[in-house]
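Turn these sequences into a full structure, and let the hints guide you.
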Amino acid sequence: IRLDHFVTDAITETPNSQGTHGIFPSRHKLDGVYCNSEFRIPLPNDGRDVNDPKKYGALHTCVDAKTMKVRWQVQVDGNMDLCATDYQGKYSMACCYNSEEGVTLAEMIAADRDYLIVFNLERIEEAVKAGKGTAIGTSKIPVLDGRKGSPYTLYIPVPKSPHGVNVDPTGRYAVCAGKLSPTVSVVDLEKVGEAFAGKIKPRDCVVAEPEVGLGPLHTAFDNRGNAYTSIFIDSVVTQWNIADAVAGGNPVKQKLDVHYQIGHINASMSETKEADGNWVIALNKFSKDRFL
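First residue of the sequence shown? That's 35 in this note's numbering, and the numbers climb one at a time after it.
By construction, these hints were calculated from the structure, which means they are not laboratory data.
Since we're looking at a predicted model, the values are computed, not measured.
Heads up, a few of these hints could be off.
Simulated restraints, written as ranges between beta carbons of each label pair [to be verified]:
(1) R82 <-> Q288: 53 to 61 Å
(2) Q288 <-> T138: 33 to 41 Å
(3) T172 <-> V41: 39 to 47 Å
(4) M102 <-> G282: 21 to 29 Å
(5) G232 <-> D38: 17 to 25 Å
(6) F325 <-> G123: 43 to 51 Å
(7) L139 <-> D83: 21 to 29 Å
Glycine residues also receive a C-beta, built at the ideal position from the N, C-alpha and C atoms.
Here it is as structure tokens:
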């Protein structure tokens with residue numbers, strides 16, 4: 035969208051993908067836009083394998099921010115929700131739920147942990163340049179296999195059906211909101227490289243997991259080291275301190291009632307290094323009695 039005229043500038047189709055939900059641009063420079071297909075579909079989706087669950091998959095897609103052309107896609111295990119990127123151009127990320135790849139509610143929420151999937155952008159770009167991608171169906175876009183055990187992805191276990199992932203203004207921590215867990219998981223991005231190298235286990239990247247309330251969904255940040263997580267079931271915004279959480283103390287500073295069932299949340303300049311800590315905006319899903 036052209037922000038000088040507020041008109042649509044380009045529309046790009048992402049092949050092999052349905053229900054694009056999470057989307058986030060590169061932060062370090064104008065480079066890629068990363069998109070998560072939330073729904074698992076047959077690959078290729080031409081009807082031949084509609085009854086074969088093993089043929090279903092979801093794809094993480096990179097769109098060139100300058101040309102609006104699709105560069106590559108990576109297939110993953112499970113369904114994907116929200117997306118994020120680091121500040122250095124090393125990683126994009128996706129919250130993964132339904133790692134069980136179930137089709138009923140009981141099957142989809144059976145596991146106590148799902149994943150934050152981290153994509154190693156350097157490895158992916160090198161593999162694509164080396165011609166290691168394969169095309170799916172009629173699309174010519176190179177697709178890499180990023181399922182468990184792949185060199186292109188890291189599956190960090192976090193509870194439970196995680197929804198939003200947000201990176202704090204220091205660029206060090208990614209915060210995953212548990213949705214079906216009362217916790218948020220703080221992932222130290224400085225440890226991710228060690229995990230990709232096999233020096234530590236993926237779970238070792240999680241350095242804190244404080245309880246913040248029932249139904250955490252998204253997190254915003256100020257310039258004082260605090261995070262603000264939207265809590266859907268409790269209808270509150272929980273303010274908590276990242277350093278206190280990492281140190282193992284009680285990080286919760288305040289719980290503020292909001293009307294009602296908050297979903298998305300944002301703060302002024304929140305996901306930049308210039309976060310100013312002036313305003314937090316609660317986007318509430320339900321009106322209930324507020325319209326009377």
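*asked:* Against the range 33 to 41 Å, how does the distance between the Cβ atoms of Q288 and T138 compare: consistent or not?
replied: holds (39 Å)
*Can the suggested window of 43 to 51 Å be confirmed for the beta-carbon pair F325 and G123?*
holds (45 Å)
*Falls inside 39 to 47 Å, the C-beta gap from T172 to V41?*
violated (31 Å)
_For the hint 17 to 25 Å, verify it against the beta carbon of G232 and that of D38._
At roughly 48 Å between Cβ atoms, D38 and G232 fall outside 17 to 25 Å, so the hint is violated.
*Between R82 and Q288, does the C-beta distance stay in 53 to 61 Å?*
Taking Cβ atoms as reference, R82 and Q288 lie about 55 Å apart, which means the hint holds.
*Look at the Cβ atoms of M102 and G282 and judge whether their distance stays inside 21 to 29 Å.*
violated (46 Å)
*Please test the hint of 21 to 29 Å on the beta carbon pair from L139 and D83.*
holds (24 Å)
Taken one by one, the earlier hints fail for this structure at numbers 3, 4 and 5, listed in ascending order.
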